[in-house]
Amino acid sequence: KAGVTQTPRYLIKTRGQQVTLSCSPISGHRSVSWYQQTPGQGLQFLFEYFSETQRNKGNFPGRFSGRQFSNSRSEMNVSTLELGDSALYLCASSLGTSGSVTGELFFGEGSRLTVL
Amino acid sequence: SQQGEEDPQALSIQEGENATMNCSYKTSINNLQWYRQNSGRGLVHLILIRSNEREKHSGRLRVTLDTSKKSSSLLITASRAADTASYFCATVRNYGGATNKLIFGTGTLLAVQP
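Residue numbers (the working numbering), protein chains in the order written: chain A, 1 to 116; chain B, 1 to 114.
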């Protein structure tokens, strides 16, 4: 079974641009969540989706948005990039059910974004 | 910040020795998980312990949980050079609803010298 796939793996953008990151979960997994990892702030929860609905959102500005498609694939978008958005963005998937609390999450290798 | 704290921040040991990492958290939890991250890579799930459990084993891993002290520890026995990585604890709060939100600790960087 293929793991969680994130694209692109590396990208460089300049301030003010926008970026879209993609995540394909493990086949059969309906829940996708996103995390930002930086040296200063560590691992921070961005948002999670289940069956195309955002189920929870972290404490990030509105420039950070996401969505989930009917095939469970997810994208996140960051608009008007700032230097501080440079980070490793990690996607995780799980089977998830409408009434469940999370068990094990399966993480992708991440998309490393550098903002110049 | 909601983040948990881990100590030590960094740990260097010789192959064959045991490594112990500690995690403290701030809120009531449903479960606590430990993950490993090799440099710049994704996280790999190691073990999950529920709030009503006190100890759990998986291979060379032993996890304890003390909910009264809001703390957990991860013990890796007979460490190997391949265990060199960052280790994170992550908690799942009791929201009363469905969630996959993990609150991560600050991590412990473990270096195992061959």
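To be clear, the hints were calculated from the coordinates, so they are not data collected in a lab.
The beta carbon of each residue, even a glycine, is placed where N, CA and C say it ideally should be.
Please note that a few of the clues may not be correct.
[To be verified] Calculated cross-link-like contacts (lysine-lysine; reagent style DSSO-like; alpha-carbon spacing at most 27 Å): (1) A:Lys13 - A:Lys57; (2) A:Lys57 - B:Lys70; (3) B:Lys56 - B:Lys70; (4) A:Lys57 - B:Lys56.
[Stated by the list, open to error] Take a look, some chain B residues computed to stay more than 10 Å from chain A by CB distance: (5) Pro8; (6) Gly16; (7) Gln33; (8) Gly40; (9) Arg41; (10) Gly42; (11) Glu53; (12) Arg62; (13) Asp66; (14) Leu75; (15) Arg80.
Now for the hints, and whether the structure bears them out:
1. Of the supplied pair hints, the one linking Lys13 (chain A) and Lys57 (chain A) holds, its CA atoms being roughly 25 Å apart against a limit of 27 Å.
2. Under the criterion of a C-alpha separation no larger than 27 Å, the hint pairing Lys57 (chain A) with Lys70 (chain B) is consistent with the structure, at around 24 Å.
3. For the suggested pair Lys56 (chain B) and Lys70 (chain B), the alpha carbons sit about 16 Å apart, so the restraint of at most 27 Å is met.
4. Taken as a hint, the Lys57 (chain A) and Lys56 (chain B) pair is broken in the structure, with Cα atoms around 31 Å apart against an allowance of 27 Å.
5. With a minimum CB-CB distance of about 16 Å to chain A, Pro8 (chain B) clears the 10 Å threshold, and the non-interface call stands.
6. Distance check on Gly16 (chain B): its Cβ is at least 29 Å (rounded) from any Cβ of chain A, clearing the 10 Å threshold; non-interface status holds.
7. A beta-carbon of chain A comes within 10 Å of the beta-carbon of Gln33 (chain B); the shortest separation is about 7 Å.
8. Distance to chain A contradicts Gly40 (chain B) as a non-interface residue, since its nearest Cβ pair spans about 7 Å, not more than 10 Å.
9. The beta carbon of Arg41 (chain B) is not kept farther than 10 Å from every beta carbon of chain A, the shortest such distance being approximately 6 Å.
10. Its beta-carbon lying about 4 Å from the closest one in chain A, Gly42 (chain B) breaks the requirement of being farther than 10 Å from that chain.
11. Remark: the non-interface label on Glu53 (chain B) is consistent with the geometry, its nearest Cβ contact in chain A lying 13 Å away (cut-off 10 Å).
12. Every C-beta of chain A lies more than 10 Å from that of Arg62 (chain B), the closest at about 18 Å, which supports listing it as non-interface.
13. At roughly 20 Å from the closest C-beta of chain A, the C-beta of Asp66 (chain B) stays outside 10 Å, upholding its exclusion from the interface.
14. Distance check on Leu75 (chain B): its Cβ is at least 20 Å (rounded) from any Cβ of chain A, clearing the 10 Å threshold; non-interface status holds.
15. A cut-off of 10 Å between C-beta atoms confirms that Arg80 (chain B) is not in contact with chain A; the least separation is 22 Å.
Comparing the model with each numbered hint stated earlier shows that hints 4, 7, 8, 9, 10 do not hold.
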